[in-house]
Structures are given as structure tokens and as C-alpha cells.
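*Asks:* Given the coordinates of chain A, work out where chain B should sit on it, guided by the hints.
Protein chains in written order, with the numbering used here: chain A, 30 to 524; chain B, 44 to 647.
Any given hint could turn out to be false.
With a cut-off of at most 27 Å between alpha-carbon atoms, the simulated DSS-like pairs for lysine-lysine come out as follows [as the list claims (entries may be wrong)]:
(1) Lys488(A) x Lys444(B)
(2) Lys638(B) x Lys587(B)
(3) Lys490(B) x Lys488(A)
(4) Lys452(B) x Lys185(A)
Chain B residues, not near chain A, derived (Cβ > 10 Å throughout) [stated by the list, open to error]:
(5) Thr211
(6) Leu236
(7) Ala556
Ranges of calculated distance between the beta carbons of each label pair, as one might list FRET restraints [said to hold, decoys possible]:
(8) Ser609(B) x Thr293(A): 52 to 62 Å
(9) Leu137(B) x Asn184(A): 26 to 36 Å
(10) Ile122(A) x Ser504(B): 39 to 49 Å
(11) Phe81(B) x Asn184(A): 30 to 40 Å
(12) Thr293(A) x Thr616(B): 25 to 35 Å
(13) Glu181(A) x Trp244(B): 51 to 61 Å
It should be emphasised that the hints constitute simulated quantities derived from the structure, not laboratory data. Small disclaimer: the values here were computed from a predicted structure and weren't measured. Don't be surprised by glycine CBs; every beta carbon is placed ideally from N, CA and C.
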Amino acid sequence: MPRKTESDKYLLLILRTGVIMLSLFISACKDDMSDHKLIGRHAQIFPDYSGITLPPNIAPLNFRIRDEAERYIVKVSGNSYSFEVTSGNGKIIFPGSRWRRLLESSRGSEIVFDIYMLKGEDYFRFPPVRNFVAAEPIDRYVVYRLIDPGFELWNKMGIYQRCIEDFREEPVMINEISGENCINCHSFCRNDSRTMMFHMRQKNAGTVIWKDGVLSKVNTKTDSTISAGVYPSWHPGGRYIAYSVNSIIQTFHSARLRTEVTDTLSDLIVYDSEKNVVFTDPRISSSGSFETFPSWSPDGKYLWYCSALARPYTQFNKIRYDLMRVSFDESTGCFGIPDTIIRASAQDKSISFPRVSPDGKYILYTLSDFGNFSIWHKESDLYLANLETGEISKPEINSDDTESYHSWSSDGKWIVFSSRRDDGLFTRFYFSYFDTNGKAHKPFVLPQKDPDFYLTFLKSYNVPELVTSPIELNPGKIMKSTGKMVPEKVNFLSE
Amino acid sequence: MAILIRVKNYMRKAFSYSFLRPVSGTLFFTCIFLYFFFFKRNHLAFQEQLQLFRFSNEYFREFLSRPGGLSEYAGAFLTQFYFSPFTAALIITLLCAAIFLLFQKIFSAYSLKGHFWSYIPVILIAALHSDYSYSTSLTVAFLFSTMYFALYLITGERKMQLCLLPLTWPLLYIATGGYSLVTGIMCTIHAALVREDKLKWPVAIIVPALAIFVPLTVSNTVFYGGDGRIFTSFLPLQPGTFRELFLVLIFYAPAVLLVSALFKPGEKTIPAGLKYALNGAALILVVAFSVYVFRSFRDKNTELLLGMDRDVQRSDWGSVLEKSGQIVEPNRMALHYTNLALFKTGHLCDRLFHYPQSGKAGLWLDWQQDWLIAFFGCGTYYQIGYNSEAYRWAYEAMVAKGPNPRSLKILALTCIADNDLRLAEKYLNVLRESAFYREWAEQYLLKLYDPAFPDEDREISARRALLIRSSFINSNNLGGRLQHLLREHPDNRMAYEYFMASLLLEKDLDGFAASIDRVKDFGYKSLPVHFEEAIVAYRSYSGKEILPSGYTISQQTMNRLEAYASAVYSYGTNNSAAARKMYAKFGGTYWYYLKFTDHQKPLN
Numbered sequence: 030m031p032r033k034t035e036s037d038k039y040l041l042l043i044l045r046t047g048v049i050m051l052s053l054f055i056s057a058c059k060d061d062m063s064d065h066k067l068i069g070r071h072a073q074i075f076p077d078y079s080g081i082t083l084p085p086n087i088a089p090l091n092f093r094i095r096d097e098a099e100r101y102i103v104k105v106s107g108n109s110y111s112f113e114v115t116s117g118n119g120k121i122i123f124p125g126s127r128w129r130r131l132l133e134s135s136r137g138s139e140i141v142f143d144i145y146m147l148k149g150e151d152y153f154r155f156p157p158v159r160n161f162v163a164a165e166p167i168d169r170y171v172v173y174r175l176i177d178p179g180f181e182l183w184n185k186m187g188i189y190q191r192c193i194e195d196f197r198e199e200p201v202m203i204n205e206i207s208g209e210n211c212i213n214c215h216s217f218c219r220n221d222s223r224t225m226m227f228h229m230r231q232k233n234a235g236t237v238i239w240k241d242g243v244l245s246k247v248n249t250k251t252d253s254t255i256s257a258g259v260y261p262s263w264h265p266g267g268r269y270i271a272y273s274v275n276s277i278i279q280t281f282h283s284a285r286l287r288t289e290v291t292d293t294l295s296d297l298i299v300y301d302s303e304k305n306v307v308f309t310d311p312r313i314s315s316s317g318s319f320e321t322f323p324s325w326s327p328d329g330k331y332l333w334y335c336s337a338l339a340r341p342y343t344q345f346n347k348i349r350y351d352l353m354r355v356s357f358d359e360s361t362g363c364f365g366i367p368d369t370i371i372r373a374s375a376q377d378k379s380i381s382f383p384r385v386s387p388d389g390k391y392i393l394y395t396l397s398d399f400g401n402f403s404i405w406h407k408e409s410d411l412y413l414a415n416l417e418t419g420e421i422s423k424p425e426i427n428s429d430d431t432e433s434y435h436s437w438s439s440d441g442k443w444i445v446f447s448s449r450r451d452d453g454l455f456t457r458f459y460f461s462y463f464d465t466n467g468k469a470h471k472p473f474v475l476p477q478k479d480p481d482f483y484l485t486f487l488k489s490y491n492v493p494e495l496v497t498s499p500i501e502l503n504p505g506k507i508m509k510s511t512g513k514m515v516p517e518k519v520n521f522l523s524e
Numbered sequence: 044m045a046i047l048i049r050v051k052n053y054m055r056k057a058f059s060y061s062f063l064r065p066v067s068g069t070l071f072f073t074c075i076f077l078y079f080f081f082f083k084r085n086h087l088a089f090q091e092q093l094q095l096f097r098f099s100n101e102y103f104r105e106f107l108s109r110p111g112g113l114s115e116y117a118g119a120f121l122t123q124f125y126f127s128p129f130t131a132a133l134i135i136t137l138l139c140a141a142i143f144l145l146f147q148k149i150f151s152a153y154s155l156k157g158h159f160w161s162y163i164p165v166i167l168i169a170a171l172h173s174d175y176s177y178s179t180s181l182t183v184a185f186l187f188s189t190m191y192f193a194l195y196l197i198t199g200e201r202k203m204q205l206c207l208l209p210l211t212w213p214l215l216y217i218a219t220g221g222y223s224l225v226t227g228i229m230c231t232i233h234a235a236l237v238r239e240d241k242l243k244w245p246v247a248i249i250v251p252a253l254a255i256f257v258p259l260t261v262s263n264t265v266f267y268g269g270d271g272r273i274f275t276s277f278l279p280l281q282p283g284t285f286r287e288l289f290l291v292l293i294f295y296a297p298a299v300l301l302v303s304a305l306f307k308p309g310e311k312t313i314p315a316g317l318k319y320a321l322n323g324a325a326l327i328l329v330v331a332f333s334v335y336v337f338r339s340f341r342d343k344n345t346e347l348l349l350g351m352d353r354d355v356q357r358s359d360w361g362s363v364l365e366k367s368g369q370i371v372e373p374n375r376m377a378l379h380y381t382n383l384a385l386f387k388t389g390h391l392c393d394r395l396f397h398y399p400q401s402g403k404a405g406l407w408l409d410w411q412q413d414w415l416i417a418f419f420g421c422g423t424y425y426q427i428g429y430n431s432e433a434y435r436w437a438y439e440a441m442v443a444k445g446p447n448p449r450s451l452k453i454l455a456l457t458c459i460a461d462n463d464l465r466l467a468e469k470y471l472n473v474l475r476e477s478a479f480y481r482e483w484a485e486q487y488l489l490k491l492y493d494p495a496f497p498d499e500d501r502e503i504s505a506r507r508a509l510l511i512r513s514s515f516i517n518s519n520n521l522g523g524r525l526q527h528l529l530r531e532h533p534d535n536r537m538a539y540e541y542f543m544a545s546l547l548l549e550k551d552l553d554g555f556a557a558s559i560d561r562v563k564d565f566g567y568k569s570l571p572v573h574f575e576e577a578i579v580a581y582r583s584y585s586g587k588e589i590l591p592s593g594y595t596i597s598q599q600t601m602n603r604l605e606a607y608a609s610a611v612y613s614y615g616t617n618n619s620a621a622a623r624k625m626y627a628k629f630g631g632t633y634w635y636y637l638k639f640t641d642h643q644k645p646l647n
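Next up, chain A with everything else stripped away, as it sits in the complex (with noise of 0.2 Å):
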């Protein structure tokens, strides 16, 4: 071993003294907040991410503390690890790397946010804010749509994905680069980043296909439908789409509502995707009534929608929608008799976007007083039927404003779903927890890098859709597939 030199030693000696120094300052500048003072009530946090339960694999839950201090401390705590995080204005940023080892050490057991704030000379401490973390993670992706939540007119919109274990946000579509026009519907088949489908409108329209890697458009009006094919649902089998075929008009209103969107015709239709044919049953479209909202189960054995009285759109609060059933043979392509499920319309009420969840054992829809066009109604609400016992519940998971669409995530153990809970407007995504005994448990927002983000943001997150895997497509890659292609004429299949 060689010896060491007196220019080593000396080294050595500034070395040590440094380390020592630098650890008196960082202990000095460190806050002293055991003499603190309690105070009787929680901290006022935005977004509200308290007594919530979470997935393991979510993005920093970043809020802003609205009470007014100096400073402000939050101690996090999980299972075997704990960190500190500071703050001067209030914003609540956690380092991303500390956080996903907070939660992935405290799976299956509760984060604890004790928050301090000094004022003036003094410490005070809310009493902590605590929230469990799930054993079961949440798809790793939600797809939707930012959009003005307008009227008629409209400017810039996309279909977008965010990675929900950070914040990273890309878009699959947006219209800037197809002529403005309109994008909408977007639809996967359980879950599946890989099948899936959206709709355009007017310029470069026609129904983008993305299967087995390939991207394909297809005109799917036909002379003896409606319409093109509008509110889609996949086959588990990834062989059928159904979709609604509607005719649609939009009011606006003095009061209350401020518009109401109503079908004036309205039926359902199966795309094969196969042979590149759209069929249809009359006992699911016929003309005394509105038929809307296809929704597969995941067997693919059901089709379940929504069906109302035909009324003119003048009556359009008289137009009620119930939960319907039909069975379905994939292997004919032929469907059963129509069964009422729910009538809602008994108790003037209005059903509209039934999912089944994947296990097959509950169905969430939305609940209004009349029509389909739910994120529009202050009272429109989700809830829960459970398949097995027919039990009906109105989970805790509403607010006094619009809850609206909402999906199932691949293991069936988280919803996500729309509300205007924030501002009564802006439509916002919420996730919340559905354990095994078909509770589900207090909603959360969908996090942003910057805490204060929703409070100025003003486009809508619209339909939701939780997806295992990123999509891999982007906006050039499906204009350069697409942008020029005269989208493929559906026949219709008449017997």
C-alpha cells in the first residue's frame, strides 16, 4: 500500500473540513419545524388529492397549497421511504425519480403528506392528508380529445395520448394538419393501443382504421344509412365495429342549458371489417326509435345501447333514453331480440353510454334528465348496475356538475371518466378506483407537471380511453398514410 504524502494528507485534511462545513450549513439552513402549531383543519390543495386512492404507477401528484404563507414544507411518507419537498409559492412540485420510489415501496399501503407553512416566525401544521396506494397499476396511456367546448365553430383540436406515469403528452391527430377540419370518435378494442379507429369530418373525411399495423380510411355512409358511422364501439373480436348512425342538431338556449344536441334519426349499424360491409338488424333500427350509444359486451356476445321514442327535436326534453340489450352470433353476424335493461324513461330519466365493465359483472352509464348528449346536462351523473344482482347504485364518485363519458381500464380495476366538476365547463378527466367490491372510491385529476395548469386552461378533455400501450402513431405518419387517400365506399349488407 503506498503511503501517503503530506500533500495527500493536507487533501485530505481540506476535504474532511469541507464535508464537515458543508454539512453544518445544510443542517443550519435546514428547517427546525418541531416547535410548530397545529391547526384544526386540512390544508385548502388544488387539485384535491386527498383521501384518494391511487394507482402505483401514476405521475408526481403536484398541487398548490392556497393557504397563504412564506414557505411551505410537505414531508411525504410511504411505507419504508420518506422525502421532503419546499416550496416559496405554494406550488407542490415532487422530483419524479423520489416519487415513483415513494409509491412503488408503498403498494397496497397509505402516503402520508404532512404539510407545514411558516408564517412570519412561526411553523403550523395541517393535519396530514392520506391516501393509499393500489396494488393494481392503471393502463399506462389515456387517449382523448382536447377540444373547444364550443358551439359551432371550432379552431385548433387533436386526439392526443398521455403516458400517465409522467407527464408526457403527444398527439396521435390534430387538425392543423388536415385542413382544420373535425376529429373525433376515437376507439380502441379492449384497451388496445394497436386496434383503432377515429372519425373526420369534412376535410380528409372518413373513418381512419388502424389494425395489424396498417392504416386504412373507409367511407362508411351508405345510400340506405343515415349517416357515416358516428359513436363506435369495437368488437372484442376486432372483426366488427358497431356504430350509431345519426342525425343530429344542435340548439342553443336562454336559460339553464346553454345548448342541446338531438338526434332527429337515429339507428345502428356493424361494420365488417373483413369484407368491408356495413349490415344493420331492424329491430336495431328502426324508424319509431332513436337507437344510440353501442357498446360491446366483453364476451361480444351483447350489444348493449340506448333507445328512445322517436320525437321531433322540438320535444327534445321529452326524448328519454333506456338501456337496451340484444345478443349477438359473431359467427352469422346475426342479432337476437332487443331487451329493455334499465327503463329510464319510466322515471324521466335518460340513459346514455352504458360500458360494461371487463369482467362483465357491472355496467356504468351516464344518467340525465333527457337526451343523449350528457356533458351538457348540470345533472348528468354515472352509475353503477351490477349485472349479477341487477342492484343499481349512484357510485360516490359524482359532483353537482356534469359527469359524463367515461371507460374502463383493461383489468376493470379503474374508471376514468369526464367531469366539469372544476368550473362547470372544461371538461376534465378524473380517475378513481374500483375495488373488488364494486365500490369506487374518491376520484382524482388527472395530474399535471404544473399545479396550476386547469385553472387557465381552456380546451376540454374529451372521451377517454385508457389504453395498455403508447399508439404508435403520429399526426405526420397518418397524414402521409391517409391525407390522400379517397377512403374506401362501405357496400351495405341487406340481407
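*Replies:* Relative to chain A, chain B alone:
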């Protein structure tokens, strides 16, 4: 003799080329400033109203999604100062001066001496700014791309240029979009025809390659293919009022450089006398060109209309009416502001027909899927207390044109009136991110949740007093819903006067007769002149008396009627002559409108 020679030398020096240069430059840019300050103030103020520059990361990020976005961002930053005519004119003058100096630098490198060549792009830019739809962002992008070329010239024949070009070209494309192609043309001309060093051909090959390759790759990787116009993105090439002029601007410099590089006029010696003559001719040309361009691009009517719009925002109703009188061919936009100003000054039913009306189309704007209609037309709904429609129109304008202060203010105020405070807070939060609307937003944010505030705030309490509680489907035409507003609030004077005016404008005397009695509810001390005229007309048409009790027809109206009747009688059946001759004296009466005006003639 010596003294004479000294005086001569002094005079020569005083009026020499170097003396004239700063004087003419100062004079020129002073003229530009004054032109924008006096003649273009309204449309510059209007441009400010169409956007809201916000100090936030989110706002900045929006501009990074498209080529030219950085210029757009810088342009938006400058446009926020256009609320003041002084700062607006100053900013455009400074932009022009910067472009002038850059072109001087560029042209001097080509031995093109004299101001003339550098004045041309400035004149073109000033002319482009005379169009209200021309954005300052486009000038900023032009400035950036010209600056890039000037820097390219400054780096001269250094080897580092070979490294700098590939490194900076993507930035140029991201910042200026399609302008980079024009810069590419200029750089290529310079490299191929002017450079003499070893790098001449490498640069001449690299630059066009970059100008093509960079947009192709950047637009596909960073911008997802852009809007399909990879090479011309951000250039205003859509058919419009200024496309040709814009093309002249962007291809002016490449053309001058090409000609200069081929013919090298700067190297030729010009006799002093000819030089002065050429300068004189150039000066005349500059002035003549300026006059031609500005005459072609000065749209007085639009400027007046935008002036009316500005006055409406400031509630300067007298000025609205003054400008209305100056518009040569009033369109429905101008007319609906005129009628609003007439109501606000209490003269809608006294002086309505003193302005060239044509049916009720000039009372309000009917809904169309057009942002301009939504932007301009929203105010009438707001003033009349039709909260839901004011909100809808403001929202549509905001969606179509992006967040702007006017729409956001109306959205916030209508939401507060509707007690939709959380939504109001959102709009106020957005306004708070701007420099010039922060104070306005904060004063509302401070007291937003104070229960006493709506009653204390005059604006809000006025809106709340007219809130509609009953639900009905709105129409795309205000006329269809005026009766609903009156049923809801029988004291809504504006709704009543607009309703009565619409009946008069549609020559619906029976409808007028059915509603005239309600005049008593509004406390008119005497009948408005046009109401008197309509009552008299109805009396003669139907033989029925509809004069509300407690009112009389004034003697002036009776005298005017007598004069009118005898004038009509004197022309017999020659209606066209009567209309022509009687207009000066009776054009402001309802009788004249009733008899001679085609109320179904569509307005522009």
C-alpha cells in the same frame, strides 16, 4: 474670392449627400409614424383586440407547434402594445427602420449605394400594415430572415460559415417558416455569383440543400408534417387583399441581388451630375411609389368601421355616429353600431331614418358561422341583456380567433351575471396572465365571491336586472326573440325600442300599432319622432287612431307631414323623381322610408 469659395464649399457640404441622408431618413420615418398614428390607429387597435399575449409557459408552448411560431410569438408580444395608437405607430416605425438599416447593410455589400433601394421594402411593409388582416408577426419573420442574411454576409468568407449554416438553418426555419426559403435563395445567389473564395461552391451547394432538406425533416419530425405547406408555411399566400404585394416584398431583395450580382452597377463610375440627377429621380420615385401604394391600400371605410368598433368599446357613442356619417357605403356592421349608438344616445326612435337603413338587418347581426360576425355582433346581445347569446357569441369568437381580451371580458361578465363564478374565475385568470388586462381581471377576482359585490358593481347589477330565467330555444336572429326578452323583462327599454324599430324597418305598421301602447310603460315624456310619424302613417293607411292616451302628435311633425304630403303630391306618379328630390328634405322621416326605400334590399 476666397470667401466666395469657402461659402460655396460650405453650401456644398451642407447640402451634400451625407447631409441629405439623415434628413431624408428622419423625414421618411416621421411620415411613416404619422401615417400610422393618424390614419391607421383604429385597425391597429383592432388587431390588439384579436389576441391576448399571455406571460405563461403554456401560451408560449402553443407557438412551438408550427414553423414560424417564434415569429408569431414575437409578433403577438408587440401587438399587445397596439392598444395605444402612439405605441402602435412607434413599433411599426421601428420595425420599418430596422428593416431599412438591414437592407442598407445588405445593399452596401453589393455596392448599391443610395437610399432608394432600401426604402422600397419599407414602403411595401408599411403598405402591408395598412391592411387590417396583415399581422405584425409576418413583418417580424421578414425581419428575422433578413437579419439572418445580413449575418450571413457579415460572417463573410470565413470557414466557420460551413458549420454555422447547418446549425442555424433549422432555427431559422422554426422561427420564420417559409421565409427561410427566400433567405435560402438570397444566400445561394450570393454564394454562386458574388463569393470569390474557395468556399464559393461548397456554400452554393449546401445552402439550397439546407433550404430544402431542413423544412422536409423538421416539419416531419418536430411539426408532424406541418399544415402540408412545408416550404411555404407561415407565408400568407392565400388569396386575399395583400398577397401580390407580399410576394413583391419577399422577392424584391432576391431580385435586386440577382440583378446587382450579374450587372455589378456599383462598380461603374457615375459622373457627379448624373449622380445627383439619379438621386433626385430616386426621391421622386420613392414619393410617387409611396403615394401609389398607400392610395391603393388605404381602405378608408374599413378604417372608419374599425374606428366605430373602437368607439363602441369605449362607449364613445357620439364619435360612433360621427364616423357613421363619414362612411361612404355603410354595411350592416357599420349600421348595427350606428343603431346601437343611436339607442345609447337616446335617439334610436328619433333619428333612426337619418341613417341609410334597409330593413332590420342593420339593427343586429344575424348569426353566421363566421368569427367576424360573432366578434362584432356579440355587443348588441350583451347590451340588450340577452346573457346566454352574448356568452355564446363571445365564446364562438374566442374559439375561432383564439383567446382575446374582448371575448374574455364578455365571457367573464356574463358568467358573473349568471352567478357562474367558477367559470368567470377561469376567464379572469386567463386575462390576469396578460400585461394590460391584469388589473381589470384582478379587481373582479378580488371581490368575485363577495356576496355584496354584484349589487355594488354597476355593470353586473345592470346585467343581473335583465337576466332571463325562462328557457326557450335561441334563434339565429335577435328579432325572433325580442318579444321573449320583453315578456321576461317588460321594463327592458332597449328590447322595446329595438322591437319597435324592427317593426318600423320592416314596414309592419300593424305590428307597430299592436305594441305602441306599451310606450307608456317606459316613461317617455313625449312620443319619439318616428313613432309620431308611424302613428300618422297608420292613421292614414287604416283610418284607425292608435295614439296612446296622454300623448299628442307635436306641431313640428304635423307641419312636416303637411310639407311632405304636398311634395309627394307635386311629383304625382313620378316616384323616382320624388325620391331623388325629396331625399334632402325628407330622407330622415319614416314616411320617406315607408314610401321610397326598398327594405328588402340586402345590406353588404
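*Asks:* Does each hint fit the structure? Answer for all of them.
*Replies:* Against the structure, the hints come out as follows:
no. : hint                              : result
1   : Lys488(A) x Lys444(B)             : holds, 14 Å
2   : Lys638(B) x Lys587(B)             : holds, 19 Å
3   : Lys490(B) x Lys488(A)             : holds, 26 Å
4   : Lys452(B) x Lys185(A)             : holds, 22 Å
5   : Thr211                            : holds, 24 Å
6   : Leu236                            : holds, 37 Å
7   : Ala556                            : holds, 28 Å
8   : Ser609(B) x Thr293(A): 52 to 62 Å : holds, 59 Å
9   : Leu137(B) x Asn184(A): 26 to 36 Å : holds, 31 Å
10  : Ile122(A) x Ser504(B): 39 to 49 Å : holds, 42 Å
11  : Phe81(B) x Asn184(A): 30 to 40 Å  : holds, 35 Å
12  : Thr293(A) x Thr616(B): 25 to 35 Å : violated, 52 Å
13  : Glu181(A) x Trp244(B): 51 to 61 Å : holds, 57 Å
Comparing the model with each numbered hint stated earlier shows that hint 12 is the single one that does not hold.
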